[in-house]
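Chemist: Here is how the chains run, residue by residue.
There are 2 protein chains.
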Amino acid sequence: MPTKKKAAPAVKSGPTVKTRKKEPVILVTNDDGVTAPGIQNLVEAVRGLGKVVVVAPDKPQSGMGHAITIGSPLRLSPVSVYEGIEAYQCTGTPVACVKLAVDKVLHRQPDICVSGINHGANHSINVIYSGTMSAAMEAAIESIPSIGFSLLDYSIEADFTAARAYARRITELVLAQKFDKHLLLNVNIPRLPLEEIRGMKVCRQAYAKYEEDFIERKDPHNRMYYWLTGEFQNFDKGKDTDVWALENGYVSVVPVQFDLTNYVLKSKLEKSWK
Amino acid sequence: MPTKKKAAPAVKSGPTVKTRKKEPVILVTNDDGVTAPGIQNLVEAVRGLGKVVVVAPDKPQSGMGHAITIGSPLRLSPVSVYEGIEAYQCTGTPVACVKLAVDKVLHRQPDICVSGINHGANHSINVIYSGTMSAAMEAAIESIPSIGFSLLDYSIEADFTAARAYARRITELVLAQKFDKHLLLNVNIPRLPLEEIRGMKVCRQAYAKYEEDFIERKDPHNRMYYWLTGEFQNFDKGKDTDVWALENGYVSVVPVQFDLTNYVLKSKLEKSWK
Numbered sequence: 008m009p010t011k012k013k014a015a016p017a018v019k020s021g022p023t024v025k026t027r028k029k030e031p032v033i034l035v036t037n038d039d040g041v042t043a044p045g046i047q048n049l050v051e052a053v054r055g056l057g058k059v060v061v062v063a064p065d066k067p068q069s070g071m072g073h074a075i076t077i078g079s080p081l082r083l084s085p086v087s088v089y090e091g092i093e094a095y096q097c098t099g100t101p102v103a104c105v106k107l108a109v110d111k112v113l114h115r116q117p118d119i120c121v122s123g124i125n126h127g128a129n130h131s132i133n134v135i136y137s138g139t140m141s142a143a144m145e146a147a148i149e150s151i152p153s154i155g156f157s158l159l160d161y162s163i164e165a166d167f168t169a170a171r172a173y174a175r176r177i178t179e180l181v182l183a184q185k186f187d188k189h190l191l192l193n194v195n196i197p198r199l200p201l202e203e204i205r206g207m208k209v210c211r212q213a214y215a216k217y218e219e220d221f222i223e224r225k226d227p228h229n230r231m232y233y234w235l236t237g238e239f240q241n242f243d244k245g246k247d248t249d250v251w252a253l254e255n256g257y258v259s260v261v262p263v264q265f266d267l268t269n270y271v272l273k274s275k276l277e278k279s280w281k
Numbered sequence: 008m009p010t011k012k013k014a015a016p017a018v019k020s021g022p023t024v025k026t027r028k029k030e031p032v033i034l035v036t037n038d039d040g041v042t043a044p045g046i047q048n049l050v051e052a053v054r055g056l057g058k059v060v061v062v063a064p065d066k067p068q069s070g071m072g073h074a075i076t077i078g079s080p081l082r083l084s085p086v087s088v089y090e091g092i093e094a095y096q097c098t099g100t101p102v103a104c105v106k107l108a109v110d111k112v113l114h115r116q117p118d119i120c121v122s123g124i125n126h127g128a129n130h131s132i133n134v135i136y137s138g139t140m141s142a143a144m145e146a147a148i149e150s151i152p153s154i155g156f157s158l159l160d161y162s163i164e165a166d167f168t169a170a171r172a173y174a175r176r177i178t179e180l181v182l183a184q185k186f187d188k189h190l191l192l193n194v195n196i197p198r199l200p201l202e203e204i205r206g207m208k209v210c211r212q213a214y215a216k217y218e219e220d221f222i223e224r225k226d227p228h229n230r231m232y233y234w235l236t237g238e239f240q241n242f243d244k245g246k247d248t249d250v251w252a253l254e255n256g257y258v259s260v261v262p263v264q265f266d267l268t269n270y271v272l273k274s275k276l277e278k279s280w281k
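If you read the protein sequences in the order shown, they are chains A and B.
Here the first sequence is numbered in my numbering, starting from 8 and rising by one per residue.
Here the second sequence is numbered in my numbering, starting from 8 and rising by one per residue.
Derived from the structure by calculation, the hints contain no laboratory data.
Note that the coordinates shown come from a computational prediction; the quantities given were computed from them, not determined experimentally.
Check each hint, because a few of them may be wrong.
Which copy? The list can't say, so a pair holds if one copy fits it or any two copies do.
[Claimed, not checked] Computed cross-link-like contacts, DSS-like style, restricted to lysine-lysine with a CA-CA straight-line distance of at most 27 Å:
#, residue 1, residue 2
1, K188, K58
2, K216, K246
3, K278, K225
4, K185, K225
5, K29, K188
6, K216, K273
7, K66, K275
8, K29, K66
9, K244, K185
10, K58, K29
11, K225, K244
Generate coordinates for the entire structure from the input sequences, incorporating the hints supplied.
Modeler: Structure follows, in structure tokens:
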């Protein structure tokens with residue numbers, strides 16, 4: 008049982024490289040469920056970089072945003088999906104998985120949390136709706152450097168070769184450097200063969216949104232219901248955005264923060280409102 | 008049926024006050040459900056300021072964050088809760104309510120969206136988890152100026168007198184001024200009698216988080232389950248934060264944005280990562 012697990016041994020700093028931990032603990036999670044090809048590829052991407060522990064939802068949780076599970080109890084059970092790697096499935100949202108992983112599985116802060124690899128884009132405004140990014144953000148709030156990875160391919164049979172290579176490279180970069188403890192990166196990988204990718208590009212979040220399109224249907228009792236769908240619309244022509252980078256063959260890396268204060272508007276309002 | 012409703016008449020600018028609409032359309036929503044005392048108080052707060060339309064969840068949706076309803080169909084049905092005011096309940100999340108309201112009820116952008124009054128605080132990090140604020144943020148993404156209101160009192164019998172007064176005043180202020188179309192305010196009202204409130208204070212979001220505390224139980228089959236609870240912890244000693252304002256008897260007003268890019272970190276990474 009996870010609650011009877013002994014706490015992982017304390018991680019000590021190596022004697023020569025000040026900021027590099029000896030064996031970092033790497034928490035892996037996602038929003039597509041513990042058996043999704045995306046998370047399987049992420050586990051393989053980070054295998055060998057430290058002690059890898061997986062805690063992920065037991066079912067797909069896409070579009071859950073930063074939902075937390077407060078109205079129903081949470082279950083946590085070990086799963087045998089990854090050879091030689093401790094893995095658990097959880098009945099809660101991605102955010103609940105991270106909270107439970109820290110408190111009831113690891114009994115300590117991991118050195119890094121990686122989330123994904125999501126089946127589908129989480130660039131621009133998707134960061135707001137994404138369960139993948141919310142899991143990573145929850146970790147960042149908890150002072151755990153975090154990265155969300157997403158591949159621009161919804162297919163269950165997507166080719167994760169390039170995504171896996173970049174996930175490993177970026178995780179290594181973050182582990183090797185001393186960053187702010189709230190580090191949070193939103194990484195998207197274009198749907199391209201590895202050799203056609205032009206490299207990484209550090210970007211800002213593009214201003215984009217979904218144009219809603221509700222599909223109307225009638226049930227057998229003649230009552231209307233709606234399916235929410237939407238078309239992605241990019242309104243941002245900047246060449247420093249994640250959408251631009253991805254359209255031009257780069258892996259986009261957007262540093263993300265959870266202080267949502269609009270400081271420009273704050274200054275304006277302070278002068279006019281009392 | 009809402010889908011057969013004629014579109015609301017186009018709103019024309021008044022002849023004298025350039026930025027003031029003749030009769031603004033005010034969309035009211037929340038995350039506690041269409042019959043919660045909080046939304047009833049919000050409807051009364053804005054009554055008379057324009058054409059008020061209510062579209063809110065049919066059940067409590069607290070802690071839903073920016074979750075969207077994509078895995079199940081949405082139902083929308085009229086409810087008679089508010090005298091003389093068109094109101095609908097929706098089976099979806101707060102964010103889905105806003106999308107459906109614009110597309111299938113109003114058939115146009117409202118002039119403002121007000122969300123709440125939430126039963127309980129949404130200051131500081133709560134902005135990330137809050138269904139109340141996510142509904143307001145969804146409207147802001149859709150270019151609808153928006154305000155989320157929350158009262159620091161979880162009780163179903165809370166006294167909304169002060170919250171209602173400030174909700175009306177702040178809604179009037181926003182309607183009277185020309186703001187950015189993405190205006191989004193997170194307003195929290197302390198649990199105090201109106202006459203003891205020292206006024207409004209424009210703030211930044213405090214850095215705070217929840218210290219998790221999972222309550223462990225065993226089901227009748229001896230299997231463990233967990234209830235997620237947590238203790239709010241404020242790490243931010245600034246006097247310009249929402250937590251400080253509320254503790255000192257002010258109504259806190261935090262301007263919020265949905266561009267989550269961390270520009271400071273972006274500049275740093277641009278130099279070191281290629």
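Chemist: A separate judgement is required for each hint: does it hold in the structure or not?
Modeler: Do the hints match the structure? See the list:
1. K188 / K58: Within one copy, since 19 Å is at most 27 Å while 47 Å is not.
2. K216 / K246: Within one copy only: 18 Å inside a chain, 35 Å across chains, cut-off 27 Å.
3. K278 / K225: neither (53 Å within a copy, 56 Å between copies)
4. K185 / K225: So K185 and K225 fail the 27 Å test inside a copy (56 Å) and across (42 Å) alike.
5. K29 / K188: within (18 Å within a copy, 50 Å between copies)
6. K216 / K273: Answer is both; intra-copy 24 Å and inter-copy 22 Å each pass.
7. K66 / K275: neither (45 Å within a copy, 37 Å between copies)
8. K29 / K66: neither (34 Å within a copy, 49 Å between copies)
9. K244 / K185: Answer is between: at 25 Å across copies they meet the 27 Å cutoff, but 33 Å inside does not.
10. K58 / K29: within (10 Å within a copy, 63 Å between copies)
11. K225 / K244: neither (40 Å within a copy, 55 Å between copies)
Violated hints, listed in ascending order, are 3, 4, 7, 8, 11; each of the other numbered hints is respected by the structure.
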